[in-house]
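Please work from the sequences and hints to get the whole structure.
Chains P and G supply the protein sequences, listed in that same order. For the first sequence, our numbering begins at 4 and goes up steadily by one. For the second sequence, our numbering begins at 922 and goes up steadily by one.
In short, the hints are calculated from the structure, not lab data. In this text the structure is predicted, and so the values were computed from the model without any measurement. All C-beta atoms in this analysis are idealised placements derived from N, C-alpha and C, irrespective of residue type, glycine included. There may be inaccurate statements among the hints.
[What the hints assert, rightly or not] Sample of chain G residues at the chain P side, in silico, Cβ under 10 Å: (1) 1051; (2) 1178; (3) 1217.
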Amino acid sequence: MNYKVKISLGLTILGVLLFLCLVGSLFSPYEPTSIYLAHKNAPPSFSHWFGTDELGRDLFTRTLQGIRISLSIGTLAAFVDLLLGTLWGTISGFANRKVDSVMMRLAELVYSLPYLLVVILASVILGKGLIPLVVAMVCIGWIQMARVVRLLVRDARCSDYVVAAHALGVRTPRLFLAHIFPNIVGPMLAACMLSVPHAIFTEAFLSFLGIGIQPPIASLGSLVGDAIPAMRFFPWRLVFPASFITLLIFSIMLLSDGLRDLYDPKKRLHEGGL
Amino acid sequence: MSNNTEIALERNALPVLRKIAKKLIHLTVSLLALLSVCFVIMHIVPGDPLQEEQGVPKEVMASLRHKYGLDKPIMVQYATYIGRVMHGDLGSSLRFPSESVTKIISNSFPVSMHLGLQALALALTFGVIFGAWSAYRSNRSVDVGMTMVATLGVSVPSFVIAASLQLIFALYWQLFPVARWDSLAHTILPSIALSIGPTCGIMRIMRASMLDMLSKEWVTMARMKGISEYRVLLVHIIPNALLPVLHYMGPITANLLTGSFVIERVFCIPGLGQWFVLGVMSRDYPLIAGLTLFYSIVLYLIHSFIDLITAAFNKRLSYNEGGR
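Written out as structure tokens, the structure reads:
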């Protein structure tokens, strides 16, 4: 499958989901947290498209809220990762050997701590909510980005155009911004796209266990978690949130795969697609 | 000749020793850092493990705090903690006072390990086979289909897989027991649920590295020499293509360990993950700290083991001392 198919398929699914998030609430008159005990555990119908949960809350509205939360956590975490990682990676990539090695040792030290354990520990101190969760994820998430950026910068520094620019007397800040950055922004973006699904996964995982986003706010993970005890009798409560979280991550994965292929011409050549 | 080997040995032995020493120092520093982080975090957190005890007289409360050492200055608590950990005593759980953390770990780790190893075996077997097949038939319909399935497989959260398997195979068709951990039949669904993500991950990596190998000149050369296609595949291509999969084993094992939190929860398996979640929810400091430490040591040992195997397989790596 070539990268164009991947990118366009990923973008299409993601676009549909985004569209649903933005205008979906027009199609359902319910609030995500309003309770109608008379309609509890209703199967999907025209009034409740995805049915309702054990408190009679409309699942369509709650699933949309979950997608919004997942997307905002994913993009926010990826963006902060990108910022921190670029800063650290660039400095480390330009610095002399000693500074570089110290910076990378530090990064390695933090990186060798198990990701999920640290996120859980951090979210325990920071409290429960969207922003603390993102901060907890960024604590470790930025390192992958920093490593990628450092390697890219190091690679670029050895290439002829940078040596030439350096020989012509271009100063370091300009060297990075005008010469190196435009050449590495593609692979950086591809790496950054990978941290979006990672963050979404982590949030869903924690919410599923009951230590992430707290009720009454709906998250795709907690929706699935709440549905499991009753899944034998009310399977729709499991099916809809579960398939939406899968679709969401699937589209972003396709997009990041496609971007990676796009910026890795060698690999594109092997796959014979162009 | 023997002189040469001796020199070679000497030259090789030193870097290896240095590497091991470096690794040990790294391990000690990171474990100490982790322990301190754990300790500090647990003491910054608002709330006290004993605050939920209601209707306890002040004197009893004070003696309880004294018993668990919660009334001493924080540095003293830290020092005693580190000292005890050095002796392999991780303290006793605050919520389950009859159990020591070491006992909890030694009771539940075999269960988690059994689950993890079974899932790992499944993931490796199917991931490698399907990945290789997919690459060998690249850009045909088999490959496109399998790539799609693999991408979908890495996108499904493990709890969704676990719940769906439970719903279909245990509740609707009643082929397997729904939950718990008693016999071999109980282990099948959890292992499959845990292995799907890693399987698809290995498939993707195997496919990419196979494609890379298939276009190498020495493969064309081997074919030119008239070696049978099976031999080319099994002797020349696949062993070389396995290297990136080996590199990926570290993240995979970490994935299996954390994935088991959810799987153990869904299938009610009395493993380490259950205890960890329980510990976090009830702010059981010694339990959380002990389990975090244990998880890190296990992960670290696995990482080093994988490093060793990779070095043994990859002559180029061992040649220039660890490569990158």
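Hints, verified against the model:
1. 1051: violated, 16 Å
2. 1178: Result: holds, 8 Å to nearest chain P Cβ.
3. 1217: holds, 6 Å
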